[in-house]
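These protein sequence lines are chains X and L, in that order.
Here this note's numbering is used: the first residue of the first sequence is 469, the next is one more, and so on.
Here this note's numbering is used: the first residue of the second sequence is 80, the next is one more, and so on.
Wrong hints could be hidden among the right ones.
Unchecked claim - 30 Å max Cα-Cα, derived DSBU-like pairs, lysine-lysine: (1) X:K746 x X:K586; (2) X:K758 x X:K695; (3) L:K260 x X:K695; (4) X:K695 x L:K248.
Quick caveat, the hints were computed from the structure, so don't treat them as lab data.
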Amino acid sequence: MSVNQREFLQSAFRWYYFNRQAEIKIPTRFREREFGFRDFDGNMKRHISIAEERELTALIIQTIPRSIYSSSSYYRFPAAPMDQKGWIEGDLIFDLDLKEVNARCKVKHDFWICDDCKLVGRLPPPLTCSRCGSKRISKVEWICDECLGKIKGQTVSLIQMLHDDFGIRHDELSAYFSGNHGYHISVSSTLYSSLSSRERTEIVDYIRLNGFTGSGQRAPSSALAIKVDPSVSMDVHRIFRLPGSLHDKSGLSKKECDEQLSGDPFDSAVALREDPVKIRITYAPQIRLKGQVFGPYKDESKTIPTYAAVYLMLKGLAVVEAT
Amino acid sequence: MTDEPLASGDFPKYPYLPESMKYITRYLARLDLGHMDDRSVEEELGIGYAELRGLIGGRLISAIRDGISKVDDRYSSQMYDAVSMASFIISSIVVRASNDPYIISRFSLAEGRRSERFLLDELENNSMAGRQVAVYVFQGASGCSLTMDLELTVPCYLRLAPQYLAGWKLVNRSLSNGYVKVLEHEVGHIFREAVAKKIRGIIEGMPQPTLDPSLKGLIGDILKYKPKPPAVITRPERYPPCINVALKKLKDGENLPHSARFMLATYLLRVGLSEDEVASIFVTAPDYNERVTRYQVQQISGRKAGREGYLVPSCRKLLTEGLCYRDESCGTITSPLQYGGHTGGRTSASGPKPDSPKEAQP
Ligand code: SF4
Ligand SMILES: [Zn+2]
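Just chain L, same shape as in the assembly (with noise of 0.2 Å):
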């Protein structure tokens, strides 16, 4: 493999590896944010400043709106690499500024299934020089090295593999000397979600911008498609603190674990809850896809199935999880289903506390 696999037309397709980012602070280095005039931003990347803020406008409502960054391929070579290159940092700056950790997330992974789809490409022209391409943007979003024959390292497959489908459990997966293989559209799933994660943490590092007002203005018009909770929560203070910390972040756009959102679900539907509003609750989180949300709580509650479905997660297990936010009105309840005096059903195996932990007795 050479040293530098990507060339200078991958950057865009990639911008938040390290190198794509060291080419554009180039290009943007002279430019001021605060004050984004047509003459400079002419000089520095050859169109005007209209343009690139429709650019900037066209990436970020796609982003929030479609749950995938637009491509724009009107530019061509050279320029279009740092045309494409300001437009994504510019976007992440004005998402950094929004300070809405729904907006923060969603324009991470709609960026993370953008590049998912350039990846694929290099996958799927099935040459020697593709496959090198992907493994060695797969390498920088992940921190995972991936083999020529698409496998993994059973710690990286651990660490990266999404935690909610069967078929991702690595009881169903086959193993090898340490490997895991994955198929191309596994590998494209990991990498969005790979790419997300880093992005989110690039603009999460960002200090507080001070923007053009005309920049500014793109807040408003992204917060327009950031959607609304659902009503179908009526009597919080009848949950406990568990839920209603967790219900809270998902409002406010944040994106929970998987163990948080099982909790959320097992719990609404025991305390009554239809399987449709259950499912309407997530339709605020980053990632919500309608048709996967309505087949896993349908999944959780059985009832479609017949099956008594899941439990509710035990407070010793979300305690583990670092979900269990207990104060004095939880008492000495086991299971949030207890709470407010109810006798509650039966929980889950609970795991053991993490603070007080027993000695093996073998």
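Okay, chain X solo, but in the shape it has when bound (with noise of 0.2 Å):
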């Protein structure tokens, strides 16, 4: 990425840290936690504790990251390095994204794209570009109607079955809008926070069906598989997008939702400025952000508002043109 795009991307974001901050969540037992940026060169910094809530807020004022994470376990000593933590408890996480959903939409919308030549294709990508030879080639994954809506269907299958199944209290669970393609869940239960990575496994192949044999006491009509990302979910060293922060992906914000995901993500989460921009768009399939279309777009410029034009830059498709 080149000075001048990060440089305006990093404004961007600057503006968001700047104006909303009120949207910043910070979470509970936050003293017990790791923390972790990433800034807009992409290095990643780690094992980061706070003391107080305002100095997390300053931390953030100060670097205006590209992404900002927070550890889902409690620990002893949350700056140590992994080993000396002392890993208290953790809250369950379930991940539900686009890449799991295998959505039929998928060969409609996604496409590759050469990041030499930027010569752009459907799906499956070829080895090397058949226009430059490059061997840099890049899948993009899109979103649209019909694969929200099933990620959507699937994560309320989840929460109601967190409920039923698992007797998940309504007040133990939070549900999230990830910001880019996908929902989160997150339980916070005395019951299952010192479940280990193991018991938690289980708790996924439950979920998954993972080893189902149809022959248990669990009668098969009850039987829905859920494709939650495993790996997310047995990892209780993980950090995760703080809730409030940005994508680094879309710029869209990590947005708390009501347990039937009611609304639509691509208009409530949208959370930088109106203010128009003039980028120059490679490829791009249509997406709607806040109730308006844009695209599709081919080879060419457009004057679009910010959240818009930040879209379509963090997805590696377009580049301001002037500012």
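Each chain sits in its own coordinate frame; assemble them with the hints.
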């Protein structure tokens, strides 16, 4: 990313973190959590601990990171290296993402792009670009109403299952739009928080129907596989995007939802300002943000609101022309 | 439920519970295990020392040889309580003195099986009082509460259920409102293992005792029943450290976790051992059961069913399970099968490393 592009993106993020500070949700028990930041050059800083709420906001304002993370686990020494942190317990996390939910519309809207000559094509991607011969080919995942609906449906089923089967209370569960292509469920229950990684894997297997024989005590009728990402739930040392912070692949915010996931996240999670900006777009399928449809675009210059421009830039499909 | 569901006659059935231990220490406080004599034993317990030693020997030998401690019902009422409790405690002390992981695990499990029978009796007589005792004792042994309808909370179930059979996997159970229903015989199974774990903890927490020579002699008597490792492992230098460490622990009679047994079975089958040979190496496991072991090895190998069989876990997976003992001889291999320059086979999906976690990017 050229300096110019990076500065533009960072200034868009800066506007948000200066003017929408109240959106940042400082997590409960923040003193026991590990925080992490990734800057706009891609450098990751982990093992950060926070003694006071304003320390976190100050850090964000000072550095304007591209991503902000906090751990789902609680530690005695959150700033220590991983093996000396002293794990106390951890929330139970479920991640539902387009990657896991094989939607039919995927073939219609996902595509590949050559990082060098910007040639675009339908999946599957070739090994080398047919125009310039480059091996640097990226797959771009897109989202439409159909796959968003599918992932919402699975997430709502999971929330129901967590209540009915696992006895999780409403006040112990939070649901979030991830800020990009999925949803996040976080369960904060004293009963479940001490589960080991192996025990969490058993829960994931239950949800995904891994190892279901059909001959046990569970009725096949209650058996509907929900494609949560197994590695996210079993790894108790992960850090997760902080609620209210911006997603580094979209510029949308990670936003808490009600349990029905009502509303359109591509409306409510739009977080950046409206100010129009002129960008050069290589290629982009249609996307709806804040009720307005953008694209499809192919090889053209456009003046569109900052939030839409940033969205396309973070997907690697556009560059800013003039600011 | 009453505060004290156990009557004194229940103590010998569940001798590892704190109230049982408290009861017996009253009798034992004045015995000197370093110098046992007829008179003091007679005074405390009402039987001679030779008779007590016979009981202890019987308990220990049945435990190690048969895998279940003998229930002695020759004595009745109060005297029985004290004598039986004394035989439990002194047997445990002898086991501690043996300092042998196989003997410790095997004895603990045998006591678990003995106690399980009493628990199942309580459940089978189908009375309210029986159930209350069962629920109470279950909690004492496992630290988890069992409801009167025999349900466990999901976290308790996950902690206590054995890991190696498909029928126990959570995915095959019916869950309701955070509870898992367990059948009577399953309660017994879970209970047995919880008791074994508890007793192992008690024994391992004891200081090394000084024993009367006649009690010390019992150690040699029971070691005779410790199984000999089979001679199927001929070239251990060709195996990677993870396999050799697990084999050594198994040979020493340690109670290997399921993940380690799975690793051994998949690996040894892949490098060419027969199902029978692989099954035989587990003879030194304290919970060895020939039929179950054979069945499990067959399942893993898949040869009989014409299936492909389970894959050897990857080094990454073994690292997360605490089973990797990488040294320079491993180099940069990613599967134990690649050890010693072999190209290796396919390994199963790997989990993330615990100490280099990735951040989620959903
Ligand atoms: S690196 Fe692989 S082969 Fe070596 S000890 Fe670890 S798990 Fe075994
Ligand atoms: Zn779609």
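Hint check:
1. X:K746 x X:K586: Holds, because 19 Å separates the two Cα atoms, which is no more than 30 Å.
2. X:K758 x X:K695: Answer holds: X:K758 to X:K695 is near 28 Å, not above 30 Å.
3. L:K260 x X:K695: Holds - the C-alpha atoms of X:K695 and L:K260 are around 25 Å apart, at most 30 Å.
4. X:K695 x L:K248: Distance of about 18 Å is within 30 Å: holds.
Checked against the numbered hints above, the structure violates none of them.
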